[in-house]
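Enquirer: Okay, so the sequence shown: first residue is 1 according to the working numbering, each after it adds one.
These are calculated hints, taken from the structure and not from any lab test. Heads up, some of the hints might be wrong.
What the hints assert, rightly or not - Calculated lysine-lysine pairs in the DSSO-like style (CA-CA distance at most 27 angstroms, straight line): (1) K112 with K99; (2) K77 with K101; (3) K170 with K137; (4) K142 with K125; (5) K140 with K177; (6) K135 with K171; (7) K72 with K106; (8) K120 with K170; (9) K178 with K140; (10) K72 with K155; (11) K137 with K112; (12) K178 with K167; (13) K112 with K140; (14) K137 with K178; (15) K135 with K179; (16) K140 with K155; (17) K125 with K137; (18) K112 with K125; (19) K177 with K135; (20) K101 with K137; (21) K171 with K142; (22) K170 with K140; (23) K72 with K120; (24) K101 with K140; (25) K170 with K72; (26) K72 with K167; (27) K72 with K125; (28) K120 with K137; (29) K167 with K155; (30) K155 with K179; (31) K120 with K178.
Keep in mind it's a predicted model, so treat the numbers as computed, not measured.
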Amino acid sequence: MLLYSGHEEENAPHTQRVALDNGRCENQERPDISSDHHLVVANLKLKLKKNWTSEQTALQRFSTAFLQDTDKINEFKISLNNRFQALQDLLNEEETTMKDKWGSIKEALASKCQEVLGLKKHHHKEWISIETLDKIKERKNKKIEINSSRTRAEKVQAQAEYIEANKQAKKSIRADKKKYVEELATTAEEAAREGNMK
């Protein structure tokens, strides 16, 4: 399979054709921008000079923004208490070193954080609320349903659901941004009244 960039200049490096490993070219459903276009992912055969391996393991960052929601806090506390109760019973039965105990505590914390909170994927804007993030996740799931529908009727139904979810997500985003801007304006007015211009 060959890809071509579409540039008309003869000497431009973009005009070179790229040979791809045939057979491994597929759609990627990541961008959710109300469009029927998808990223195309392909495997390339390349020779690299050096394989850089990092000595340290990747740092896991958990999305702690969900701890602002009281339901998530309660769910996290309950699951963590259950896990530590079972861990305490296990540690009391065995003769273990302090290093083993710390390793098991660290593993319990990491597993519960990943289970309840999830890993931090990327930085969200500070004004986006958790309800809006849930609506965005729901919209993404509706997009996946569209792409995985088998019949035309299923696809039409999934598209109607996606359009409604998209409207709700955009409405929620606009409301959050408006609320954030109003809060900024009120804090600026209060600072101006107090004479604090920083």
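Enquirer: Okay, which hints does this one fail, numbers in order?
Expert: Result: hints 10, 20, 24 and 30 break, sorted rising.
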